[in-house]
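> Residues per chain are reported as follows:
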Amino acid sequence: MREDLQDSMIDEAFMPFQRVLEEMLSFNGEFVDEEAGVRTYISRYEIESPVELDVVKDENGELHIGSTPPLYYVDTTFRPSFHKLKFTAEITREINGD
Amino acid sequence: MATENTAWQLEDFVDSLVVELDKTRETLAVKAINKPLSYTVKEVALDLNIFPSYDGDQITFITAQPGQEGASKVSIQLGSITDQQVRATSKTPSAKGDVTIDEIDVDKATKKKLRKLGVNSVDDLQQIEQKNVDLKKVSDNSVDYSTLAKQIQKSKRDQNPPRVRAVSLSIDEDQKPYLVIKGDNLAIDPVFNPVAVVNKSLAGVMSSSPKEVKIRLDSAHDLTDNNEVILTFDPFAVMKVNVKTGTSAS
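Residue numbers (our numbering), protein chains in the order written: chain A, 6 to 103; chain B, -4 to 245.
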């Protein structure tokens, strides 16, 4: 319910900060070449990206941070204000035997 | 395009950011159950373009919007921290019954000064006092512990006011009458002897405890149908009880 409220408060072009991080983390970090018998995986990665932010305050004074990667790729008279997000993810569990 | 951003305080922003990060970590923990490879967020850093403003009391920020130039930059970096580090660097959460600075009846300037010193609750204040820190010196003579101590006691007492549940009239072995006041949080200050006034005449307190107070009565108290009993349990708890002849109280 809280998430619904949070979603409705933040501008529809933006998503809760949590979702931005989750989306960036949802990738397949494993590369397998069965013919060659090689298995490779990403152990750590860093992302640095410009982001737009929408910070809103609810009736309880709680802040909700909406964020999105740059929305438009055309030159406009007003440039969006790009903040910078950088995060590092590391592998927590490896395949046995690797 | 986003709606107009609201002004926020750094503390609130970081709190919200941490909540979002915690939720992400929870999601990843669930994902790790089924996924052979799972990742965890080690560090998150945000460089924000913001406009700060100071209203004489606190600093607030507004995130820059499209077309706005000349914004300041604030960098926030959240690193991962172990449970052990949290315990070593964090203050113990407020105990039940701890009184926050906001609940103490002192002026705004003193509260602000206390917050700047990292004092957010009475417990913090008492810990400082126990370490013999002279608050007067560190606060340029604006905060005095002894003055605050009284306000603290008052605030604590306000949270636990005395409650009278029953009043009865008894006679002791020497056939002398006395009043028995029963209730909760009555005489809770061990160093203060309660004072009782019955029908505007001082009465001796025979015994006192948080649950019961016994008051000696004599002819000077001139008992009638309605009797006024004023009880001072401590400097912050004074109670007036109307005792009707017999056993009822109002």
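Hints are computed from structural coordinates only; laboratory data are not their basis. Just so you know, not all the hints are guaranteed correct.
What the hints assert, rightly or not - What follows is a list of derived Cβ distance ranges for each label pair:
id, chain 1, residue 1, chain 2, residue 2, range
1, A, I47, B, K111, 57 to 63 angstroms
2, B, S67, A, Y46, 17 to 23 angstroms
3, A, N65, B, Q154, 19 to 25 angstroms
As the list claims (entries may be wrong) - Dumping the calculated PhoX-like pairs for lysine-lysine here, alpha-carbon to alpha-carbon at most 20 angstroms:
id, chain 1, residue 1, chain 2, residue 2
4, B, K37, A, K91
5, B, K107, B, K145
6, B, K18, A, K91
7, A, K62, B, K18
8, B, K108, B, K145
9, A, K89, B, K107
10, B, K145, A, K91
11, A, K89, B, K145
Bear in mind that the values here come from a model prediction, so they are computed numbers and not experimental data. Think of the CB as a built atom: it goes at the ideal place given N, C-alpha and C, for glycine as much as any other residue.
> None of the hints should be skipped; say for each whether it holds.
Hints, one by one, checked against the model:
no.: 1; hint: I47/A x K111/B: 57 to 63 angstroms; in the structure: violated (46 angstroms)
no.: 2; hint: S67/B x Y46/A: 17 to 23 angstroms; in the structure: violated (41 angstroms)
no.: 3; hint: N65/A x Q154/B: 19 to 25 angstroms; in the structure: holds (24 angstroms)
no.: 4; hint: K37/B x K91/A; in the structure: holds (11 angstroms)
no.: 5; hint: K107/B x K145/B; in the structure: holds (19 angstroms)
no.: 6; hint: K18/B x K91/A; in the structure: holds (18 angstroms)
no.: 7; hint: K62/A x K18/B; in the structure: holds (19 angstroms)
no.: 8; hint: K108/B x K145/B; in the structure: holds (18 angstroms)
no.: 9; hint: K89/A x K107/B; in the structure: violated (33 angstroms)
no.: 10; hint: K145/B x K91/A; in the structure: violated (50 angstroms)
no.: 11; hint: K89/A x K145/B; in the structure: violated (50 angstroms)
In this structure, the hints that do not hold are numbers 1, 2, 9, 10 and 11, in rising order.
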